[in-house]
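Engineer: Sequence:
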Amino acid sequence: MIGIFIFGNDYQMSEKKVMIHTKTNNLSTIMTFPKHEKIKGFIVFVHGDGAQNATQDDGYKPLMERFAKQGYVSISWDKPGVGKSMGNWLHQSMTDRANEVTEVIDWVHKTYPNANYRIGLWGASQAGWVIPKVMKQENKISFALLAAPAINVMRQGIYYNV
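The sequence shown begins at 311 in the numbering used here and counts up by one.
Heads up, some of the hints might be wrong.
Claimed, not checked - Straight-line distance between alpha carbons at most 30 Å, and here's what the computed DSBU-like set of lysine-lysine pairs gives: (1) 327 to 348; (2) 327 to 443; (3) 450 to 345; (4) 379 to 350; (5) 326 to 345; (6) 446 to 333; (7) 420 to 371; (8) 420 to 345; (9) 379 to 450; (10) 394 to 420; (11) 326 to 371; (12) 326 to 450; (13) 450 to 420; (14) 326 to 443.
The set of hints was computed from the structure by calculation and includes no laboratory data.
Just need the whole structure built from these sequences, with the hints factored in.
Structural biologist: This is the structure we're talking about:
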């Protein structure tokens, strides 16, 4: 335990930082790759609400590691205006966010053109509004994983008033 506390976790994945240029912003992105497994596909992370960086202050890393152990590359970025990403996430509509995700998926296809990889989406909270929009725009999505997705803004807001 002392070793983990002093040195941190040695995640079983490789990390690469890239800048993805979209039509409206430059997104500071982290990609995590399997260390030992053959790449099966990519999982694009879709943030919930708030000023979030690519790894949710390292909170996403255990999940990214789990995906890497299964052969998946995770892709996540600092929201616009957070970290080194340009723009302002507060000025984005859900449609803007869906377009951003679609542009990242297009980047994956251009960057890895010879690969016939599966592409999936993972998201929480507000991603419950974004991911269905992406799936309507992008027919190359193989799967979507949602954790506690927001469905109705009024019902979600009730919890803030209790």
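Engineer: If a hint holds in the structure, say so; if it doesn't, say that too.
Structural biologist: We went through each hint and held it up to the structure:
Restraint check: the Cα-Cα separation between residue 327 and residue 348 comes to about 20 Å, which is no more than 30 Å; the hinted pair holds. Between residue 327 and residue 443 the alpha-carbon distance is near 27 Å, which keeps this suggested pair within the 30 Å criterion. For the suggested pair residue 450 and residue 345, the alpha carbons sit about 25 Å apart, so the restraint of at most 30 Å is met. Taking the CA atoms of residue 379 and residue 350, the gap is about 11 Å. The hint holds against a cut of 30 Å.
Distance hint between residue 326 and residue 345 is fulfilled; the C-alpha atoms sit about 12 Å from each other, no more than 30 Å. About 20 Å separates the Cα atoms of residue 446 and residue 333, which keeps this hinted pair within 30 Å; it holds. Under the criterion of a C-alpha separation no larger than 30 Å, the hint pairing residue 420 with residue 371 is consistent with the structure, at around 25 Å. Among the hinted pairs, residue 420 with residue 345 is consistent with the structure: their alpha-carbon atoms are about 23 Å apart, no more than 30 Å.
The hinted pair formed by residue 379 and residue 450 meets the criterion: a straight-line CA distance of about 23 Å does not exceed 30 Å. Taken as a hint, the residue 394 and residue 420 pair is honoured in the structure, with Cα atoms around 23 Å apart against an allowance of 30 Å. Under the criterion of a C-alpha separation no larger than 30 Å, the hint pairing residue 326 with residue 371 is consistent with the structure, at around 13 Å. Straight-line distance between C-alpha atoms of residue 326 and residue 450 comes to about 24 Å, which keeps the hinted pair within the 30 Å bound.
Taking the CA atoms of residue 450 and residue 420, the gap is near 13 Å; set against the 30 Å cutoff, the hint holds. Restraint check: the Cα-Cα separation between residue 326 and residue 443 comes to about 28 Å, which is no more than 30 Å; the hinted pair holds.
The structure fails none of the hints (numbered hints given earlier).
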